[in-house]
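Engineer: Here's the letter readout for the chains.
There are 2 protein chains.
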Amino acid sequence: MNMQVNENVVIVKNKAFLAKAEAFRKPLLHRDIAAKSIVEVVADEQAIHGWKVRDVAPISELGRVLLGQGDSVILDFGEHVVGFPSLALVPVGSPPDAPLYLKFTFGEMPVEVAEPFTNYDGWLSKSWLQEEYYHIDILPRDLTLTRRYSFRYLKIDVIDSSPKYKVALQHVKIKTVSSADRAMLKVAPDTSDFFQALDRVSVKTLADCMQDVFEDGPKRDRRLWLGDLYLQAQTNYETFDNRDLVKRCLYLFAGLTDADGRVAANLFIEPEPIPDDTYLVDYALYFATTLHDYYEATRDLETLTELWPVALNQIRFAQQLLDANYLAVEQPYWWAFVDWNEALTKQASVQGLLIFTLKQAISLAEILDSDEKSWLSDLLEKVTFAAKKYLWDPSQKLFVSGPEKQIAWHSQIWMVMAGVLPDEEARDLLRRTAEYSPEIGLTTPFAYHFLVAAWLKVGDKEAAKQVLVGYWGDMLHQGADTFWELFKPDDLSFSPYGSHLINSYCHAWSCTPAYFIRKYHL
Amino acid sequence: MNMQVNENVVIVKNKAFLAKAEAFRKPLLHRDIAAKSIVEVVADEQAIHGWKVRDVAPISELGRVLLGQGDSVILDFGEHVVGFPSLALVPVGSPPDAPLYLKFTFGEMPVEVAEPFTNYDGWLSKSWLQEEYYHIDILPRDLTLTRRYSFRYLKIDVIDSSPKYKVALQHVKIKTVSSADRAMLKVAPDTSDFFQALDRVSVKTLADCMQDVFEDGPKRDRRLWLGDLYLQAQTNYETFDNRDLVKRCLYLFAGLTDADGRVAANLFIEPEPIPDDTYLVDYALYFATTLHDYYEATRDLETLTELWPVALNQIRFAQQLLDANYLAVEQPYWWAFVDWNEALTKQASVQGLLIFTLKQAISLAEILDSDEKSWLSDLLEKVTFAAKKYLWDPSQKLFVSGPEKQIAWHSQIWMVMAGVLPDEEARDLLRRTAEYSPEIGLTTPFAYHFLVAAWLKVGDKEAAKQVLVGYWGDMLHQGADTFWELFKPDDLSFSPYGSHLINSYCHAWSCTPAYFIRKYHL
Numbered sequence: 001m002n003m004q005v006n007e008n009v010v011i012v013k014n015k016a017f018l019a020k021a022e023a024f025r026k027p028l029l030h031r032d033i034a035a036k037s038i039v040e041v042v043a044d045e046q047a048i049h050g051w052k053v054r055d056v057a058p059i060s061e062l063g064r065v066l067l068g069q070g071d072s073v074i075l076d077f078g079e080h081v082v083g084f085p086s087l088a089l090v091p092v093g094s095p096p097d098a099p100l101y102l103k104f105t106f107g108e109m110p111v112e113v114a115e116p117f118t119n120y121d122g123w124l125s126k127s128w129l130q131e132e133y134y135h136i137d138i139l140p141r142d143l144t145l146t147r148r149y150s151f152r153y154l155k156i157d158v159i160d161s162s163p164k165y166k167v168a169l170q171h172v173k174i175k176t177v178s179s180a181d182r183a184m185l186k187v188a189p190d191t192s193d194f195f196q197a198l199d200r201v202s203v204k205t206l207a208d209c210m211q212d213v214f215e216d217g218p219k220r221d222r223r224l225w226l227g228d229l230y231l232q233a234q235t236n237y238e239t240f241d242n243r244d245l246v247k248r249c250l251y252l253f254a255g256l257t258d259a260d261g262r263v264a265a266n267l268f269i270e271p272e273p274i275p276d277d278t279y280l281v282d283y284a285l286y287f288a289t290t291l292h293d294y295y296e297a298t299r300d301l302e303t304l305t306e307l308w309p310v311a312l313n314q315i316r317f318a319q320q321l322l323d324a325n326y327l328a329v330e331q332p333y334w335w336a337f338v339d340w341n342e343a344l345t346k347q348a349s350v351q352g353l354l355i356f357t358l359k360q361a362i363s364l365a366e367i368l369d370s371d372e373k374s375w376l377s378d379l380l381e382k383v384t385f386a387a388k389k390y391l392w393d394p395s396q397k398l399f400v401s402g403p404e405k406q407i408a409w410h411s412q413i414w415m416v417m418a419g420v421l422p423d424e425e426a427r428d429l430l431r432r433t434a435e436y437s438p439e440i441g442l443t444t445p446f447a448y449h450f451l452v453a454a455w456l457k458v459g460d461k462e463a464a465k466q467v468l469v470g471y472w473g474d475m476l477h478q479g480a481d482t483f484w485e486l487f488k489p490d491d492l493s494f495s496p497y498g499s500h501l502i503n504s505y506c507h508a509w510s511c512t513p514a515y516f517i518r519k520y521h522l
Numbered sequence: 001m002n003m004q005v006n007e008n009v010v011i012v013k014n015k016a017f018l019a020k021a022e023a024f025r026k027p028l029l030h031r032d033i034a035a036k037s038i039v040e041v042v043a044d045e046q047a048i049h050g051w052k053v054r055d056v057a058p059i060s061e062l063g064r065v066l067l068g069q070g071d072s073v074i075l076d077f078g079e080h081v082v083g084f085p086s087l088a089l090v091p092v093g094s095p096p097d098a099p100l101y102l103k104f105t106f107g108e109m110p111v112e113v114a115e116p117f118t119n120y121d122g123w124l125s126k127s128w129l130q131e132e133y134y135h136i137d138i139l140p141r142d143l144t145l146t147r148r149y150s151f152r153y154l155k156i157d158v159i160d161s162s163p164k165y166k167v168a169l170q171h172v173k174i175k176t177v178s179s180a181d182r183a184m185l186k187v188a189p190d191t192s193d194f195f196q197a198l199d200r201v202s203v204k205t206l207a208d209c210m211q212d213v214f215e216d217g218p219k220r221d222r223r224l225w226l227g228d229l230y231l232q233a234q235t236n237y238e239t240f241d242n243r244d245l246v247k248r249c250l251y252l253f254a255g256l257t258d259a260d261g262r263v264a265a266n267l268f269i270e271p272e273p274i275p276d277d278t279y280l281v282d283y284a285l286y287f288a289t290t291l292h293d294y295y296e297a298t299r300d301l302e303t304l305t306e307l308w309p310v311a312l313n314q315i316r317f318a319q320q321l322l323d324a325n326y327l328a329v330e331q332p333y334w335w336a337f338v339d340w341n342e343a344l345t346k347q348a349s350v351q352g353l354l355i356f357t358l359k360q361a362i363s364l365a366e367i368l369d370s371d372e373k374s375w376l377s378d379l380l381e382k383v384t385f386a387a388k389k390y391l392w393d394p395s396q397k398l399f400v401s402g403p404e405k406q407i408a409w410h411s412q413i414w415m416v417m418a419g420v421l422p423d424e425e426a427r428d429l430l431r432r433t434a435e436y437s438p439e440i441g442l443t444t445p446f447a448y449h450f451l452v453a454a455w456l457k458v459g460d461k462e463a464a465k466q467v468l469v470g471y472w473g474d475m476l477h478q479g480a481d482t483f484w485e486l487f488k489p490d491d492l493s494f495s496p497y498g499s500h501l502i503n504s505y506c507h508a509w510s511c512t513p514a515y516f517i518r519k520y521h522l
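If you're matching them up, the sequences are chains A and B in order. Read in order, the letters of the first sequence correspond to residues 1 to 522 in UniProt numbering. Read in order, the letters of the second sequence correspond to residues 1 to 522 in UniProt numbering.
Think of the hints as simulated: they come from the structure by calculation, not from any bench. Fair warning: there could be bad hints in the mix.
Note that the list lumps identical chains together, so a pair holds whenever it fits in one copy or between two copies.
[Claimed, not checked] In silico lysine to any residue, SDA-like type, Cα no more than 20 Å apart, as pairs: (1) K155 x G402; (2) K103 x I136; (3) K164 x Y333; (4) K166 x V9.
Since the model is a prediction, treat every value here as computed from it, not as a measurement.
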């Protein structure tokens, strides 16, 4: 990934927008969840990453486990949790004559408490690996960890106590944090047990990512990304329906554009909202699509009116990346995300997304009775024409992308989403692509989301369900409590970051089965 | 060292004594001390432990040092400090897109910031090694470390930031803690520059060990040990003269005896005063000698009267270890400290210390007009007779110890301290011993203290000064800011704990040059 450090980015703060975002910030909700059992992690070739968890004893036995130098214990909370862990540390033996030195390791997945982080050699910061060292000078001690962690498994290593005493652990629990109000959760869909299970894990994934903002993942990046927000918001309307949180996020992005009016791909929230110096054209367009969906869900005309100019600026940003033929131009830097796939040429996907966005924008222009409708319509006509003329390969009957005329799954999906072809032809295109099985395939739940959306757009519910069953259902079979950031069924250790230890296993962009199941009655 | 875990020890809490100890607890005093320079540690065969410190830049340059993954910096505070460090962490570059992961390593000596603690293989707990890991989620950050550290050198390692940002450090300082009031420090002695330097380092050592109690060492064990207290109190009367702190410590020991009235060798202070389950007869006797000195310094008859029964109980404890001939009997467990020397047979030393203590106790009995004087005098006569009859080797003209009739420096010193021989013969004994140079020699400043005291007792100031110059002066030459727990001039890496990394380099029992220089006008 070609990270850009744009030190010269000028940020335009819209204080009124930021004040509105702040006004919609609500106190987080809490639950106390106790650790459920004492477990061990054992090697198992059949299990994902080669590790599975086995119960050793019920948590009621924990107080009897005495830990001295070099001892460790792994606890299973029984579900994925996000929050602030606490525990009581009780010395046993002589009075503690040396500090207690502990290491905490948090795992969303068994592998994280099975393989030492010292083996990590990925290119994302080691600081994301959830481990913590604590010296405890005075015992007994009620210890509440000061950072937020995202995990199901907690490993506690006693690096050292002393020959004269050991330590027992009691009351290991977590105070969870979330802005998802379970009391507001809409009733579960009347569907198969399997789809209900998919729905439950989706809802859990979303809830654990709903914090002060819609985070992409509570383990990593703990940040407000527009791509994630777009999908989270869709799922949110069908589940917790926390409209204020969507509104807050839209105002945050709108309040922190650059001098050209572009919204950042993501925002940092603390110590104050700060836009990352990364500008991705697809993520910028998702501002407009998220605003569109927000209005559809809420009919909040005031917000639509206020944020409409910001949405238009994102279309202008995309417009600037078009060539004289109104074709999106592949850029030599990290200009669009689309998917984690270094081989992917993103031209056709962005072209399709622009068309998709323009159609939504035009519908909003009509609602607003906006003068902008005419240039939007004009632009839509031109980019649609360009897509058909330059990106359609009539011999292969597939869309191509970039100077090498690459055939990628993504390009077909986005042209379907764009409605460039009539529905029946579009359905044929998807089927043809599935048969063709392009070498450039989908690697993330984010990309798979749009595949499901595309099947539904062309009216093929069965195909959509097959993707849910085959892809998300596979994660479920592998033991997912929450849906993962990355999942390649043919490469279970896939990570775009060089190590699956750093992957996020509760990731917002993977939460959309609940959206599909509920909205389309699957 | 044969640590005893006596789980069946019954503690008798004297609440009135403990309440008095609590009443004399005073808020600690603080100073803000900034880091003084940026340094590096370089290998040097001539330097102690093979490492010396070299200035790299003044501290004013620190803000320009940008630290990213794998970078580190070492700061020199210019003096030994004890307290709570703080610093400001300022990100430089793009907005921090990953937590900052830092490691802090604190060194009283260069070796502690030069050699990785992972090499440590001593038998004391690793938890004493002063290192700390911190994840910083939000930057910039004013960070105050929550534990107390004892150090001169601070190494800060950036384990990771991210490729998009680095970090600068600002305002690195420490809020020191001590119960030594510098405003109360008695005027420095009128003596040579060299003895003034010895005095300064002694006073600094004492001050950094004066906390909520007289600690043995602020790095390790951070605890109230009776052997250290005895020497600290002596030095304290000549310097800060914090009488309340001595009184507090005496009442703490007296308030927490066992069922036989024995005081513990040391106390833990937090979360509440707790006696360690270690009972050493010499340390118990130091309760009586410390009470004796306290009365001499303060004429506080009320305290003497109250604690007198406790002092007597320590003599009874020693009495129980005598055989039918009134000779101290070597025990098969850790029964007396005397010195860190596994080969040392402690019988003669304890016999000498008992005589020494009995003489002080009889003088106190006279002040109190106590009925106990008669049995004390009777006992004194018997143990003195036994010492002369069974421990004096007339052919070698040296005292011997234990069944193997070991000749140790300690035995001669303690018999001199006991006044078993007339002063002139005692002086000859010390000179003879120096010439004989026993294989069983002194290994700690604690033991060397009594050598100096013995020379002074027999009136040989020059010999006493030679020990100060040759032993403590040698530490000074090696760069000591504060005097060390362990120092063997012929084995600079000596540690009774298996690694010099864990030694304490600011240790109470080493602070007595100031006592000798001031009290005896050396």
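Engineer: It remains to establish, for every hint, whether it holds in the given structure.
Structural biologist: Status of the hints after comparison with the structure:
1. For the identical chains of this complex, K155 and G402 are neighbours neither inside a copy (48 Å) nor across copies (51 Å), given an alpha-carbon limit of 20 Å.
2. Taking the shortest Cα distances, K103 and I136 sit within 20 Å of each other both inside one copy (11 Å) and across copies (17 Å).
3. Proximity of K164 to Y333 under the C-alpha cut-off of 20 Å is restricted to the inter-copy arrangement: shortest distance 16 Å between copies versus 60 Å within a copy.
4. For the homomeric pair K166 and V9, the shortest alpha-carbon distance between copies (18 Å) is at most 20 Å, but the shortest distance inside one copy (55 Å) is not.
Violated hints amount to a single one, hint 1; each of the other numbered hints is respected by the structure.
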